[in-house]
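One line per chain: the protein sequences are E and U, in this order. For the first sequence, UniProt numbering assigns the number 1 to the initial residue and increments by one for each residue that follows. For the second sequence, UniProt numbering assigns the number 1 to the initial residue and increments by one for each residue that follows.
Keep in mind the hints are simulated off the structure, nothing from the lab. Do not take every clue at face value.
[To be verified] Not the full set, but computed from the structure, chain E residues with beta-carbon under 8 Å of chain U:
#1 K61
#2 E135
#3 P175
#4 L229
#5 S240
C-beta atoms are modelled at their ideal positions from N, C-alpha and C, and glycine is treated no differently.
There are 2 protein chains.
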Amino acid sequence: MERVVTRLYVKDSLSQGATVGLDAAGAHYLRSVLRLNTGARIGLFNEKDGEWLGVIEGLGKGWCSLQIQEQRRKPAPEPDIWLVFAPIKRSRIDFLAEKAGELGCSRILPVFTRYTDVKRINRDRLAAHAKESAEQCERLSVTEVDDAVALDKLIDKWPDDRRLIVCAEFGDARPIAETLTEILVKEPDAGQRPWAVLIGPEGGFAEEELEALRRLPYVTPIGLGPRVLRADTAAVAALSCWQAILGDGGMRPPKGTTPVTVA
Amino acid sequence: MERVVTRLYVKDSLSQGATVGLDAAGAHYLRSVLRLNTGARIGLFNEKDGEWLGVIEGLGKGWCSLQIQEQRRKPAPEPDIWLVFAPIKRSRIDFLAEKAGELGCSRILPVFTRYTDVKRINRDRLAAHAKESAEQCERLSVTEVDDAVALDKLIDKWPDDRRLIVCAEFGDARPIAETLTEILVKEPDAGQRPWAVLIGPEGGFAEEELEALRRLPYVTPIGLGPRVLRADTAAVAALSCWQAILGDGGMRPPKGTTPVTVA
């Protein structure tokens, strides 16, 4: 398969012969950052149609049209794992959105807990980081980014069939690897069901918040070892373990996507 | 146990009644950043003596002396896991040093591979990030930072008893969770032996580099799933899985160290 370095996520339907227009940001990126011209070939993808080869038919200031040629990858189901997290300061929350994208999160949900210091998030900026990381890491979908809500509001409307792993720094909690491996042994298809990981703020959960969470039937409190991790580190650690044990850790990157290896 | 918010790593021996002096950076931090005065109590720790309560006896511009009072935590063995990585650009390498600290790496070793773009590292800056993260995450030791060397030089002097997990984006590799869980079943004490994780550069390993690594008796190639991870993400994911499955993921943070939870 022809190696395509640039991949862009587009919402439009992708099918042989179709013409697709990019938004202003996408057009600017191809024209002014990558300095591509008519005839250049890039990858276009979304979760419905998979990945297709697109050829630039025309581009100018703020616009770009591409003709869709052959399909490179078929759409494929991905794990459905949410990351619920208390907002943290700017460079770390950007990092978190990027890493959630790379680690295959289907959605990130910022929540305000009692000890959350950061009071606002920039949803568009987080979505841009999530989209860019999906484009770079060969995903076929992009992490959705929700508006921030209070933790109790989120719990009020929580879907009962979505299990929630709560990273608990104090109180009873079993080790993450042991817990997820046991679940896998009992339910080999557990990773095909909906899951979520919840990470508290830098100041930790309030004791009563954590106690209330523990009482919910869909919650499993887990521990991440003896070190008190920063919120961003805890999120990446928990998502990595979830993907490795219950998620798609057994799959390999698609052929033709890994870096050029000819010396 | 009295909660101590500030912890500093010191090389000096720590024992009841001893007087310890800080370096200029530590003194500046206590005096000008935290604005502490004589009589304030902080934690002092190192891997030989554990953690002790220290009381500021005197401090001025560039100096601080503390008297050591009671021991807060006994020294304890920690997993011996190295992170070997190809240098990446500045903000990501700083991040990597911080995360390696939090994830309990005993040592980080920058290596130049064929496709490593970054040609120099600032070892002191990485060591400062590693030290700060150890101080924040309740470790009793600090990640050591080696000078950068060529990958083949490192392999020439590699200690035969240290097993090396190579994160391989292409070619044969088994899933990390499955592989480490199998090792744990066969050798329940495998996590008490020396290990290392190797992450390639952003451009990936050259095919012959990876082939040469595969032939080494102490190497286990592993895969991290279908997404092509950035080098920093791959390092954090692999270290998180290693600690969760083979390392100290079954332990809990020491009492009195987790955030205040009184409402």
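Right, here's what the structure says about each hint:
1. Because the beta carbon of K61/E sits about 30 Å from the nearest beta carbon in chain U, more than 8 Å, this interface hint is broken.
2. With 8 Å as the threshold, the beta carbon of E135/E stays out of range of chain U, its nearest partner Cβ sitting at about 11 Å, so the hint is violated.
3. A distance limit of 8 Å between C-beta atoms decides the matter here; for P175/E the minimum to chain U is near 4 Å, and the interface restraint holds.
4. Because the smallest distance between the Cβ of L229/E and any Cβ of chain U comes to about 5 Å, under 8 Å, the interface hint for this residue holds.
5. Interface hint at S240/E: satisfied, since its Cβ lies 4 Å from the closest Cβ of chain U, which is below the 8 Å cut-off.
Checked against the numbered hints listed earlier, the structure breaks hints 1 and 2; every other hint is satisfied.
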